[in-house]
Amino acid sequence: MDSKLFPEGVQRCGFGQFLIWTAVILGFFTWGLYSAVLVLYNGIGTTGLDNYFGFGAWITFDLAVIALGAGAFFTGLLKYILKIKQLEKIINLTVVVGFICYSGAMLVLTLDIGQPGRAWFGYWHPNVHSMLTEVIFCITCYCTVLIIEFIPLVLEQKQWNKIPFIHALAHNMHINMALFAGLGAFLSTFHQGSLGGMYGVLIGRPFAFREGFFIWPWTFFLFILSAVGSGPVFTVLVCGFMEKLTGKKLVDFKTKALMGKIAGTMLCVYMFFKILDTWAWANGYLPSVGLTFDQMFYGVIYGKWLLWTEIVLCGVVPAIMLITPAIRNRPALLYTAALLDCFGVCVNRYIFTVQTIAFPVMPFDAWQTYAPNWVEYASSIMIVAYGFLVLTLVYRYLPLFPQERELN
Amino acid sequence: MHVKEFKIKWGMVIDIDKCTGCGACMVGCQVENNIAPMTKSDPYNYAQALTKDRDDASNKLRTLTWMNVYELSNGKAFPEHETAYLPRPCMQCGNPACVPVCPVVATDKNEEGGIVSQIYPRCIGCRYCMAACPYHARYFNWWDPLWPEGMDKGLSPAASVRPRGVVEKCNFCHSRYMEAKNQARMDGEDPMNLSEGAYTTACQEICPTGAIHFGDLNNPEHAVHELHKSPNAFRLLEKLGLSPQVYYMSEREWVRKQGDNYNAGGSGH
Amino acid sequence: MSVARRAFIQMSVGATVGILFTPTVWVALDDVSIWTQNWPWIPRLKYGEVKSVPTVSKMCDSGCAVKVRTCAGEAFAVAGNEDNPLSGGGVCPLCANSAQVKNSPNRIKTPMLNGEEISWDKAKEVVAEKLDAAGSSVAVISGDQNGTVNEVFSALLADKGSDAFYMMPCDMQAADKAWTGLMGGYGQIGYDLEGADVVLLAGADALESWGPTVANLKAFAANGSGKFLFAGPMQTKTAAVADKWVPVPAEGMAAFTLGVAYYVLQAGMTVDVADFAPFRAMVMNDYSPAKVEAATGVKADRMAAIAKQLLAASNPVVVPGGSVAAHGAAFALNLLLGGAMKAVPEFGKAVSTAMSRSEMLNKDILEGVNADLLFVYEANPAYALPEQVKAGFTVAFDSVNTETTASADLVLPTLHGFERFDDLASPYGVADATYSLGVPVSKPSVNAACAATFVLGLADLGFETFEEVLEAKAEAVGADMDALAEGGAYVAPGETPVAAGLAANVLGKAAVPVKGSGALGLVPYTLLNVGTANRATTPNAPCTISNNQLLGDKMVVMMNSATAKQLGVGVGSKVKLSGGNGECEALVQVFEGVLTGAVAAPLGMGHTVGDEFSKGKGDNVYKILTVSSEAAAGASTWAGSTVNVAKI
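Chains as they are written, first to last, in the numbering used here: chain A, 1 to 408; chain B, 1001 to 1269; chain C, 2001 to 2648.
In short, the hints are calculated from the structure, not lab data. No residue lacks a Cβ here, since even glycine has one placed at the ideal position from N, Cα and C. Among the hints, a few may not be true.
With the Cβ distance kept under 8 Å, some of the chain B side facing chain A (calculated, not the full set) [what the hints assert, rightly or not]: (1) E1005; (2) F1006; (3) V1069; (4) L1072; (5) T1083; (6) L1086; (7) V1101; (8) M1130; (9) P1134; (10) A1233; (11) F1234; (12) L1237; (13) L1242; (14) N1261.
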């Protein structure tokens, strides 16, 4: 029915099947939309957040998807600036995934702030000292860059591309993409860092506070490293998932392994500094303010197992796996390592968001615990559903995978 | 650490040995600053019926208590047990954790007197300042402010009602400061050199034991000037370097010890 | 055509650019900050002249002297009254919220006869008819402990040939029974907490709920060098600031006090009364420290140390709380020590046929009320004493809906404290006779009326309005009405107490600890922010109620870890407390400031009628209190209540 719109020379599932799939996604999306309406109409009181946990599932979700979406800028940087040719086979996907992650994060943020009507005040009354101002600047700008990077792909849609003007526009945009890739890399690096800096500057929160370099606390750099250490393999995971779903080969394994190698290398660097940072924090900073490492943890919910899971199981282990060619080159192990890696970065973002504020700084105060309620889950799932929907449409109608024809 | 200094430094010295935790200060504060009572249902919002009730005052993580009284325990078993009560307004830190993090300058420490402001019409409700403040002095308006029918007749003229979705906190009853300065100007006195008692906060005024002392820490004519230098005086979490303008005092050592963390010693950051 | 289109595009682009150069867009954007602040449902403030008007507030039992802050004539807040010794600038947490209660939707808006709205004239007809029919079977329950309104009500009773005037249970009553009844003393007992150098609070939670709380707090704060000791079964808020907490079970308070008296007598202290010798013999024989220790669990050396402190003091005072025996023992000890206990003379009466305060306190409501016609004035017996009160026809006066108004036949809305004349004569506990006047601050916001004026219309008591009564009262007191209206208090110093005897006979028997048969001692405690027997909590106060009293809609009871272990419960366990003829549900909190073998439960919650701030919140502990008869003293008490606790 819509086969005229498919990319050149590829097969797609029947329209009925496509409709059913889309309907399922829309089902989830609608559920999430309902929760979002509740949040906007009734207020954020509808969620599980409270005065102790002003940040919760949404901010964790935002930070996690932004870290995982880092595949876009880093791959773009390597391909367009460092000219690693092989990455062009997956670059489109990284851009789309990045776009989904960033636009999704911005949607969640509009729910998360109490006065969405004032969201643009970050530009209107900026506080240049705030890491969050930097985040607002860079995320919005970088999202624009991602849209610009995304447009040529849309323009390359088979029917549109027949129009000479659009064809020429797409071509010209491609030629100049290095400029945007560079801009994107700059913006993205900064806000990944600022997101980490957001926590590192919290002088009142010993769990997160870090010394640093110039105005940037160490978490600034750690967040950049962890993002580039996981974003690329997230793209690989998305790609692998799409291959499983569609039953087609979309990107050759060599490219995926290369992405794994890139992420693995960065992850190794990250883990080195993360361990060093944790050690210095536990033995230097904490005692200086009268606290001990053990005090930073509480029961099972905020136990040390979280930190060990993050650093060892989902940090050192995947780093070794990804850096070792023998392991990396076996698909099952590559995916395992990628999963661990991505999970690790999510745990890291969760710990920094939630455990930071769960720790009672005043000695007479008590640990409080936080669990998101269905509203926060549903609205986050809405974003995931939105991602599925975008990928579904992009995969069906746009030439996402340049290798698809030759591999199948 | 960068501590912002002013010629006038409004501060409190709260005598914990005099505080019985009766709660009058908290009630006085809510009334003065138009903090709506916590009501479960919102008769004006039909969508509320679709989901859970609003919170009642028993949910201490959702209340708006600019002034909040904490109960302290010496941690010992019966009969060696002791308790104390610690009222906690905003600390009006000299080096506030909340001010530099606000992305939109909705909170600032820039006025003579050193009170950390909160500009409600500018606040976007990101709650970053709440994450930053270790004293939990900042509160978010989770729901629309709502007074039971007829009760909005008797609102205080001192503070505009905040909409939901913004952060608020104690500002040492700032409108009373403005009034006191105006009064001084009208009386031909120096508004920058207010006499003791010319400017009082609602909590200090209502406290039956006078446990809350309020004044200019820098002014030798104000009682707090001497009180805050007492050997029994301390500030909360001094080691973090936030430099609060609110001091506490107690003759009980275990109470003073609970003002900061000592488990690993440490002389501060 | 093409030209037109081009022109259209040009115009559009031009207009867009042009508008961007005007302030329109930018001002509109900036306005977002204003309109996102001012939604139509956000209440706007009304501005106007701000004034502070002195009056009295009677939300709490003793009453507070306050200044009501008004803006454009509308009351919005309450501040203390520095000029009045009852306040000294402070306010209790209940009265602090009084302005909000005035505007509460829980106000009774008009007279109601069996649920039907009626006019005041009709109400008067109904009451007059019932009054004729009832003959002398008329009773009054008053929730006001110190107002001249009681004179009006008691004069009505006298007119009808009845003496059935009841006060809600209070320490003032136990004190009067002990002092006037048993010891033949004169005046009302008071305590100079500011002037004392050692204060032993023997069961009196003086810095939280007992007596003139705010005046006590002021005295405590002003008393720089005095030592405060608190004896009681629980580390109350008073204990938190006291120099020492001495754990003593409530039923053992009298014995404990006599145990301290033992050392004082041993030191040779005497009182010049007829029965001093038998008193001394009784204490030395029956209340030796070893015996008291066995009966109450309080260590002998503890009592010795306290006695030593009291003996060393130049102006000590013992302030009792609880049973008549505990009061008698404390008064005896005070007479021995000769310290800061005072006898406060009663002010002259305004209504000549009215009862004296002591006469008003004579009848014991715990022993039951039964009358054909019952007037309840701003009291809530249906909540606090559901089993004791029966009447053929009940007329309830109150400003807000309560259990009592809900079950009354006729409900008559009284003016809120800030809308009426009222007064405050020497609340129990003050060291000096103190008289304060309350004048209307606001206009009535509902169809309410002055209760006393209504009663004056029922019989010829010599006055037309309550205002006239108060003028007569001021005259009887010897105070200047105008000065009183400006917020000052009339103060006459308390006198040295003189007793006819020490009631050796009665005290010896009455002081023996009597405990119920339940497994655990029940420690009921009052927090003013939670409410009193007559007044539920207020709109802003729930924020101040800790999760140690209320968690969600569940009451929280506290016990120490040893007791919890013994019961097999922990923090958050759901338990059922059964005692008296009732049951309560609660959650357990472990608090080490409770006597082992006892459970502390907050009074004042579990209302079934009222606003959303009190209704359905927690459970009503009055249901599980046991009334035990103090046979020897001829009184009854709640002290010694026990409960059985079952995990559910």
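Hints, one by one, checked against the model:
Look at E1005 (chain B): its Cβ only gets to about 18 Å from chain A, farther than 8 Å, so that hint breaks. Residue-level restraint check for F1006 (chain B) is violated (minimum Cβ-Cβ distance to chain A is 19 Å; threshold 8 Å). About 11 Å separates the beta-carbon of V1069 (chain B) from the nearest beta-carbon of chain A, more than 8 Å, and the hint is not met. Proximity of L1072 (chain B) to chain A holds as hinted, the smallest CB-CB distance being about 5 Å (cut-off 8 Å).
The interface hint given for T1083 (chain B) is violated, since its Cβ lies 11 Å from the closest Cβ of chain A, which is over the 8 Å cut-off. With 8 Å as the threshold, the beta carbon of L1086 (chain B) comes within range of chain A, its nearest partner Cβ sitting at about 7 Å, so the hint holds. Residue-level restraint check for V1101 (chain B) holds (minimum Cβ-Cβ distance to chain A is 5 Å; threshold 8 Å). Satisfaction of the interface hint for M1130 (chain B) is found here, the shortest Cβ-Cβ separation to chain A being roughly 4 Å, below the 8 Å cut-off.
For P1134 (chain B), the interface hint holds, the least distance from its beta-carbon to any beta-carbon of chain A being 4 Å, beneath 8 Å. Hint status for A1233 (chain B): violated, given a least beta-carbon distance of 17 Å to chain A, over 8 Å. The interface hint given for F1234 (chain B) is broken, as the beta carbon of that residue sits about 12 Å from the closest beta carbon of chain A, more than 8 Å. With a cut of 8 Å, the hint placing L1237 (chain B) at the interface with chain A holds, because the nearest CB-to-CB distance is about 6 Å.
The interface hint given for L1242 (chain B) is met, as the beta carbon of that residue sits about 6 Å from the closest beta carbon of chain A, less than 8 Å. Annotation: interface hint on N1261 (chain B) holds; nearest CB of chain A at approximately 4 Å, less than 8 Å.
Checked against the numbered hints above, the structure violates hints 1, 2, 3, 5, 10 and 11; every other hint is satisfied.
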